[in-house]
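Given these sequences and hints, build the entire structure.
Residue numbers (the working numbering), protein chains in the order written: chain A, 1 to 242; chain B, 243 to 537; chain C, 538 to 882; chain D, 883 to 1288.
Which residues of chain B face chain D? A few of them, derived with a C-beta cut under 8 angstroms, are: (1) Q364; (2) A384; (3) G505.
Think about it this way: if two alpha-carbon atoms lie no more than 30 angstroms apart in a straight line, the pair counts; the simulated DSBU-like pairs of lysine-lysine are: (4) D:K1085 with D:K1143; (5) D:K1022 with D:K1083; (6) D:K937 with D:K1030; (7) C:K618 with D:K1022; (8) D:K1030 with D:K964; (9) D:K1277 with D:K1061; (10) C:K618 with D:K1030; (11) D:K1022 with D:K964; (12) C:K618 with D:K1253.
No lab work stands behind these hints: they were computed from the structure. Every residue, glycine too, gets a C-beta built ideally from N, C-alpha and C.
Spelled out from the first residue to the last, the chains are:
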Amino acid sequence: MTLQTVDLRKAFGGVTALDGATVRFRDGKINALIGPNGSGKTTYFNCVTGMIRADRGRVTYRERDLTGRAPHVIARAGIGRTFQLCRIFPRMTALDNVLAAVRPAGVFDALRGARHRVETGRARGWLTRLGIEHLAGAPAGTLSWGQQKLLELAGVLMTDPDTILLDEPAGGVNPALLDRIGTLVRELNAEGRTFVIVEHNMDLVMSLSDHIVVFDRGRPIAEGPPSVIRTDERVLGAYLGV
Amino acid sequence: MPSGALLFQSVVLGLLLGGLYALLAAGLTLYFGIMRVVMIAHSAFLILAAYLAWWWHERLGLDPLLSMVVTVPLFFAAGVLLQRMLLARLRPATLTMMSVLLTFAVAVLIEGLLGYAFTGTQRRIQLDYGSAGFGLFGARIAVVKLIAFGLAGIALAGLYLVLKRTRFGWALRATIQHPDAARLVGIDTERIAGYGFGIGLATAAVGGTALALDTTIYPSLHWHWIGPLMAIIVVGGLGSVPGAAAAAMLLGLLQSLLQIPMGTTWAQTVFYLALFATLAFRPQGFFGGRLAQRF
Amino acid sequence: MPSVSSRLTGGAAVLLLATGLLSFPGLAPNPYVLSAGIVVLHYAVLATSWNFVGGFTGYLSLGHGALAGLGGYGTGLLVTKAGLNSFVALALAMLLVSALAVPIGMAALRVRGASFVIVSIALVLILLLVFQSWASLTGGSRGLVVPRPFDLSRPEHHRVFWFLFSGLLALALLAWWLIDRSRFGLGLKAIREDEDKAEALGTPTFAYKLVVFVVSAAFTALAGGLYALWFGDLDPVFQFSVLTGSYLVLMALLGGVRNLFGPLVGALVVGVALEYFKVEFGNTPLHLVATGVLLALVVLFMPDGVLPAAGSLLRRLRPAGEQASIRDVTAAELRERRRAEEVRR
Amino acid sequence: MPTTVRRMRWATALGAAAILALGACSGDDEPATGDDPIVVGVSLPLTGDFSEPGKGVQQGYEAWAKIVNDAGGLLGRRVELKILDDQSNADRVVADYEQLIGKDQVDLVVGPFSTRLVVPAARVAEEYDMLFVEPAGAAKEVFEQGFKNLFYAAPAVANDHYNHLAAHILALPAAQRPKTVAVAAMDDPFAQGTAYGLRDKLKAGGLSIVVDEVYPPNTTDFGSIAAKIAASRADVLIGGSQYQDGVNLIVALQQLDYQPKLAAFSTAPTNPEFAKAVGNKTEGILSPTGYSQDAPYPSNTEFVAKYTAQFGTPPEEDQANAYTTGQVVAAAVTAVGCAEQGDCQRKLVDWIRGNEVQTVVGPLTWDATGKPRGAHMIQQWIGGDIRIVLPAAAKEAEFRYPKPAW
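What follows is the structure, encoded as structure tokens:
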């Protein structure tokens, strides 16, 4: 039914980043992907979204085989993602950053003005919802770190994805904003969007997620609801290096 | 049908030429490995070194090979300065593109200055042993070509030893493979990158001297070299020194052999065809080089 | 939303340009000045055409001289060998070059930056070889003489071609402006800013790049073909010269690649400067030195060009002019973050 | 902050430079001088690929202007040269003549160097109805463009350079006559013209062409071509060379120890640097020449003496060709009695077409396309010196065949 991978494997030179990752996420839920540094979480995201081609294994989403497809194809299949270190288009305005996610329906549609009324309205709507509407005209590079993270999310939401992969949404974010992001994820989830979140902030993970997958050395070692994961010995072992 | 002697002669010439290509391509691929910089000015420095060797011979009457005593350290310093003063100032986000333009500008600058200093006249070192040669299994090998090949071989071997056997080489390889990890273990990557550039340019000094022994030089000659060299580093896999050396020998040999049926001009196209074929079918190159995929 | 003032500036620029283009032939004191003007205008068209790729996607091609040369030779050969009408040949040559740009683009754009530049330079060098060697078709180094399309005296010939080039420039500017404000243009600019990110948002980056490369090639070929009809003598050495491509890059960068009129302004400055260097230092290769130094300075200190630099200068004169410096700081931050990200990957 | 400030400064500086450049380029039209010299415009490749021969041509023109002026000028007016640099570039050469004729309003124009540049330049002159005598466009293509105002000021076009040699070889008894020919020519209209002129005549005479190579002008490595030629063991070697390529090919052949019975190279062997460049292994090498310092024509004696006094060395072929160009123009101007743009140019053209001109390379006449009617002399390196060996009437030494080893 949902996003799943079978035996995903990826090595960089001699270093194995993914070592047979077989994972199935829960549709309509907030999933979390945790694990110690270097356990392959970001590589996993990159393989799922087509940024990196896996050496072996399959990626399927809603019965569709997405293995080896280009990133834009995967994005159009309904999987949106943010990046670990928040990537925006720094020399474009915040509004244009969001509008850049509009997908033209054809050649003539592509040549229509970028600031079309309907889309601009939608884009402003997302900016408003994320609380950065007042910055719509500012070059994105001049926004603060937190504002950039929100802006990136606005861009992803503009593509109207069913599933959203967030790579460390809490990284470098102040507590007030952290709360807002948490609330936002819950709201969006309630509207029917599935989340997969890579995160180191355990408080956020435990309070937010319905289902947790734990990675170690490029493969899942445990999964389950927060209550189970919290007490799993293998997880503790992985984190403590036992 | 070409005779066996001609074929063998062409193989010998191709190998001798390939050696020089290998040395020059090694320098070019070193820069790319260190900084993701496509160093257009590499062949301009090559011609500069050739001019210095020529000048050395012409004015001082000394053997051009001795000019390396001056040019190699000089080029090393120039490489360090080039990296530290110019390339390090570029914004990382646009480094690859802008460095091409910057080194292109340096190449044009060198060409202009060479033209200003020595005019556009073609120059050639006249050596007593310039037309000497000896026979080998029916092929004839010119002494100067053999010296050039020997120089290239020694310089390549030296480069290999520096990279593989010294602490500096270890740091350099670490910088190439993982700049941030290298920084974490206490390597001053900026300085190492500078020295890496110096070594790259020093190979151009050796190559230029080797080139000057047996060919004519003129200021705009560097365009003639940069195309094949860039093709070689792409075919070899951007950033892979052994890959570049292997591709250089192969393409040099191929060029030499193709000259028999196709003539010199068409034979040169082999480099570009290999370049396009590589990018179209195997962008990561044919001899490894994991960097290529992303550039 | 474009503000009223920026619309006014834009309108004034268009008006100024139109007036300049229409009145120059009348003002030129002699045919020489007019012909020198055509050379600059030709550069302006080429630089604007180059800017479809360079400005929108950030891919800097050093090989556009080759596309212009192909347009020129294509037009010339279709006139001389196939006996076509000059302007039919021009249009057909444009289509042929566009078609050829597809496989070239596919090889060059598949991978990122560095390979693109390498291919663009290789394109010039390989075409030089082919057009020199394939003498039975191209005339080789003997050159190709392209017949004049009109039977006019030389000054009249110049005047007609001035207006033809002006029309082509207007067309190129119009097309650039249309793309600039379109969704397609926004996608291209996103590629320039962050190609991975643009693709992650669903933009088919490869197709976008390819399309805009072909559009750029088409305009470049038109400019080259028109030049061939005007100039009459084609020689591979001059048609397929890396230096031509570098002049285009210099012009566009100097003027500002993100600005509609940037390449035009750059062509004006560089074109006039080339003429000036020739007058001042004609007997030496110092024009190369000057070109090199200028290019290096632009790359090091003004990668955004004079127009944006002048714009931010104006902004600084007003009180609230902190934006530019803020952006520099963030760019530096961004760099650190990118680095850190690559470590973890 | 610092970056921004620095950027500003550059913007200002560049803006100022641009304004200066614009100012400097506009409106420096020269006022006509009172005593009204005859201004002769010429564009020469003083930089770029052809800069070396370009300088030779320049010296020839300068010598001509000086000698004419020392003798009182033309029609009582001083001759003044206006020389522009075309950087060996066809775009520039056209702009230059455009400038000379349109802006500077010169009275006469003469030709640039190299066939590649002559054709575009001649078209400008043609379209402004200017007489165009040129010293360097020797390839046959120049005369196939339908130019009506063009004249080549030398004894013969490239294809006819070796006529005397071809006739001599084909006249040899069958037993001695060479059988096989190897040709290597630079991809250049002039160099190919000379080589192919001889090649085609020998082929028509029954010799077989075993190697026929073309190399681009920028070739520096001749190893492979030399290997092919050496492997063919051809009796006759024809090199269509400019200068350095000829030297390189000869050295590469010597490295392979190839010894032909006859070796002919265009232009290279007549260069004063040649012997030193090939390590003095010059024995027997042939070359055509349109000019000899020792030629007995009266104006030549004067030219050699005065040129040597002016420049310290005797003139070479490039200088002589430029001088000849000047002589042809001067003869026409003197005969017609005018030198300015307009109708006068037509009269000058008509006069040259109908008359014979005495020059330092002998008497010259032209056909309707501007092609001179004559052939070159053949020189051969003998005992460390280059001597005229053909035609028999002009020979300074005996033609040596087969040539001694080099």
